[in-house]
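If you read the sequences in order, they're chains A and B.
With the numbering used here, you'll find the first sequence wraps up at 489, consecutive numbering, no jumps.
With the numbering used here, you'll find the second sequence wraps up at 1274, consecutive numbering, no jumps.
Watch out, some of these pointers could steer you wrong.
As the list claims (entries may be wrong) - Listed next, the in silico SDA-like pairs over lysine to any residue satisfying Cα-Cα at most 25 Å (straight line):
#1 B:K1161 x A:A289
#2 A:K338 x B:A1030
#3 A:K338 x B:R1171
#4 B:K1161 x A:R229
#5 B:K1217 x B:R1171
Keep in mind the hints are simulated off the structure, nothing from the lab.
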Amino acid sequence: MADAPDPAAANGPSAPGGPSRTAAGGPSLLLLGIDFHTVPIELRERVALGQEEAEKTLVHLLARSAIAEAMLLSTCNRTEVLLQPRDEEEAYRAALQLVFLARAPEIERPGLLYVKRDHGAARHLLGVACGLESMVLGEPEILGQVKQAAALAEAVGAAGPVLRQLQRSALVAGRRARQETAIAAGAVSLGYAVIELARNIFRDLDDCRVLLIGAGEISRAVARNLAERGARQLTVANRSPERARQFQELFPTAAALPFAERLAAIRDADMVIASTGADEPVLTRRQLAEAMGARPSRALLVVDLGVPRNVDPEAGRIENVFLHSLDSLDHLIQRNLKRRKEEMPRVHEILDQEVAHFYGWYRGMQAEPLIASLQKQAERIRRQELAEALHHFPAASHAHLDRLTRSLVRKILHHPSNRLRGRGGPEHLPRLDLVRELFRLDDADGSAAAAAAGEIAAASADESPEATAYPEDRAGSAAAEPNAKPEAE
Amino acid sequence: MQILLRSANIVLPLAYLLVAVAYGFVFFAAEARAQRAAAPALRAVILLHLAYLLGLAAHWRQFPAATESQALSLVAFAVAVVYAFVEWHGRERSTGFWLVALVFFFQLLASVLARPETPDRAIFHDPIFAVHVSLALLGYAAFAVAAAYAFLFLQLYRDLKAGRFSTFYGRLPPLAVLERMMLVALIAGFVSLTGAVVTGAFWAQRLYPSDWLHDPKILATVITWAIYGLALVLRRLRRWQGRQTALASLAGLATILFSLVAVNLFFSGFHAFL
């Protein structure tokens, strides 16, 4: 039995009725998840949620009074639920049961489920959006999946102000990581490595004529990648006409040729992808040299994906022929992966900035009722003093005085309000209770304004609960469970 | 006026340096903002440079190539103009760092060698001479730009052939684009040099009717012109591939350097004005 929260370690749940916040001044967040690091694919498949299931699960989660906001991210490599709990212990139990145990009771085994809280949970979601937690570092699809998860939470009504802002921060971090760093640069799969090579030779993939020798699985996968990137002129040459026909069903615009005509087709091709099961080369140096001699002086990219090799390695010596085998593609992929890893510190910097931005936003939200009280009090004093002073001045100047005093009050309160919202450095935020005391804001006006400021305002009035400690959160638990992922914090 | 011209000696290299840094961000970091800013900034600095050269011509009332400093500044200007044209034609900004860095180097040298006085020489008042020198400089600048693209082309060609993937790989435009930019620069250089040879012949025939054909620099220039002409014809006839054209471009630049340096050092002729 693992992953159950330890009530004895908890210093008391949050006040019921509103979302909780942490002692550090951030919102209380709870993330439970499994991914490819902790769980084999068979289990991940069972836990993975389709769109409809995810929708239903979110509705069930929200029906629990312990959960204020929820979001579900389910892909082939991970299933994670992110909550803003009112009662952390109850929220944890509900999410564990509804999302994980109901589908795979084995998840209870130690080390399979990871739990992150508060700052760790926020940072984890941003890291996921940046592709730092992906199986292929920096892969781009995850950002779209986070976006979909955010849209689903929004559609179901499971996203409140906190998760909505956190999702926004995650999407911004994901976009920035891809724009400002090379975390997603360079191909890291076979198909995209072929595309990367082509892009280093030809101006535009749209105009490239691609000859595929062999119509097997690898050939189809590469053709799919090429078609996705704009290559439209595909021709397949295969020994078996039946396989070629199957290929054409998948790629209706592709032309099919008898295998014997492949050499003639090379004269018009820009790219040749060879992936047959032949034991002997299907393209010799002499054949390629003849084909190159019969065509205008254009580059030819030849990618040999066959084992044993389909193209005579000596053919790479021919002028303007760029011959690449599985080995050189792997070399390229490893080089790109290394470059992506080198970008990780820069992505972490972006994460730090966006997490800080999120916390700044949250603290600012907490300050809104106080700012409203402050402004209301200042306005009351202004009106009072103005009313007493106006009879000393001619009536014609009353409007001017009104504008003047309004402007004075606005300018005096501008900087304190900005500081209270956390602009200009959330790390130096003034203590809200001190401000309240300094300006005597705990009177009837202040309370009324605070009451009107809604859910977040109520949260700000709560006492800060100390964090509930779960077994896998505690220092040393990672050592006890070697499979457990360490906290991102 | 002189204060303005003197301050240009500081402003111009500084401006080219800033533009080179912007292009450096494009090449090394693929910075989107630098990508947007670099080309307009270069055009603005070229206009400033043009204003400086016109200012020099107006102030000294002669073609602004009468000193080493002025000649080098003219070379920097010509390289910048040719690069801006090739960049505009190829719609490709990732190679600018190398060329603008070269421009900065020439302009810095020009600024360091700048002297307050310029000798008044009759030959620099001749408009045909001015056209001849301008076309020759433009031609040589274009050939230098072509050689830079030839070098980059050969680097990428070698990387792609060997599957080695050096620092250049992934940062340069595709081979086809590099070849196209090299060819555009070669054609621009060939046209300019042809114009320079024609105007030079016309001008020399007028001033030195008997012996101008024996001048070693003219001989080297004609050889250079022939090398580039042959390379362009063979490329046009598709007898040569990109790699051979790139090698010919580098060989052409070597001939130019020979004609500029070695001929001046080891041969004597009328064709020396500085």
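Original post:
Which hints, by number, does the structure contradict?
Top reply: 5
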